[in-house]
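Trainee: Spelled out, the chains give:
There are 2 protein chains.
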Amino acid sequence: MQPFALDERLARDSSLVIKLGLCELRLIEDRRWPWLVLVPQRPGISEVFELTPLDQAVLTFEQNLVASGLKTLTHATKINVAAIGNVVRQLHVHVIARFEGDPNWPGPVWGHGAAEAYTDDERREIKKKLLEAIHS
Amino acid sequence: MQPFALDERLARDSSLVIKLGLCELRLIEDRRWPWLVLVPQRPGISEVFELTPLDQAVLTFEQNLVASGLKTLTHATKINVAAIGNVVRQLHVHVIARFEGDPNWPGPVWGHGAAEAYTDDERREIKKKLLEAIHS
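As given, the protein sequences belong to chains B and G, one line each in that order.
full-length UniProt numbering puts the last residue of the first sequence at 136; the count rises by one with no breaks.
full-length UniProt numbering puts the last residue of the second sequence at 136; the count rises by one with no breaks.
No wet-lab data here; the hints were simulated from the structure.
Keep in mind that a hint or two might mislead.
Coverage of chain B stretches by chain G, computed from C-beta distances (three or more under 8 Å per stretch; other residues unrestricted) [claimed, not checked]:
hint: 1; region: 14–28
hint: 2; region: 47–53
hint: 3; region: 68–82
We put the beta carbon where it would ideally sit given N, CA and C, even for glycine.
Kindly produce the complete structure, drawing on both the sequences and the hints.
Mentor: In structure tokens, the structure reads:
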């Protein structure tokens with residue numbers, strides 16, 4: 001089987017925060033919401049249930065580590081966690097901090113309006129704080 | 001702590017398929033998409049990471065059992081799995097069969113148009129087939 005290679009659209013729309021045991025943790029380039037994706041570094045996988053049972057368990061651990069860290073960091077009203085993949089088929093799990101009154105609240109973020117880029121300082125700062133929140 | 005009681009809106013919008021080890025598996029009353037929700041029978045929980053580690057692992061197992069069964073049954077293009085909860089805060093995980101060309105494809109199902117009720121025969125039939133797919 002071919003080695004894992006990140007989907008081109010995911011690569012374009014996000015940047016690496018850190019490589020965890022299973023997943024690449026990436027920040028979506030859209031400052032409207034603190035929005036992360038976890039991408040299991042396994043080739044040819046579209047659905048969570050296609051992962052081995054061990055990888056499924058590790059994905060659950062990494063999802064909850066990241067979701068919990070994002071909640072601690074942002075004090076979000078609600079964390080949204082979702083594996084959708086109707087457009088990009090490479091398995092990726094969204095972890096998004098949502099706030100009452102944020103763009104499209106309480107509706108979903110996908111397909112809503114146009115992404116707004118971070119400044120370099122903002123992007124660096126949110127990644128630094130994320131790593132602190134996840135490691136604490 | 002108070003015992004588990006199903007959220008009123010979830011109760012109104014869906015009907016029981018089966019009680020699994022952790023979750024109530026329920027069918028959303030909207031025939032536009034084969035759409036299930038898993039509701040962990042634990043009181044006072046809004047986020048997956050608030051569950052105990054064991055419950056998190058069981059939820060993962062039940063999610064993948066149901067998602068895999070739904071894929072086998074429907075031959076869906078993609079299964080969408082999501083814990084959103086911006087409106088109904090009781091933890092519930094959506095498991096939805098999506099097809100190219102279905103209503104709002106490839107966008108998300110939440111907040112799109114008005115639900116369409118099943119006939120009694122349709123509802124009975126899909127639940128029966130779901131149980132067969134999950135148990136096989």
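Trainee: According to a criterion of three or more residues whose C-beta lies within less than 8 Å of a C-beta of chain G, is the region 14–28 of chain B covered?
Mentor: violated (count 0)
Trainee: Counting residues of the region 68–82 of chain B whose CB is closer than 8 Å to a CB in chain G, do you get three or more?
Mentor: Holds, because 8 residues of the region 68–82 of chain B bring their Cβ atoms closer than 8 Å to Cβ atoms of chain G.
Trainee: Is the listed coverage of the region 47–53 of chain B by chain G valid when you require three or more residues with a beta carbon under 8 Å from a beta carbon of that chain?
Mentor: holds (count 3)
Going down the numbered hints, you'll see the structure goes against just number 1.
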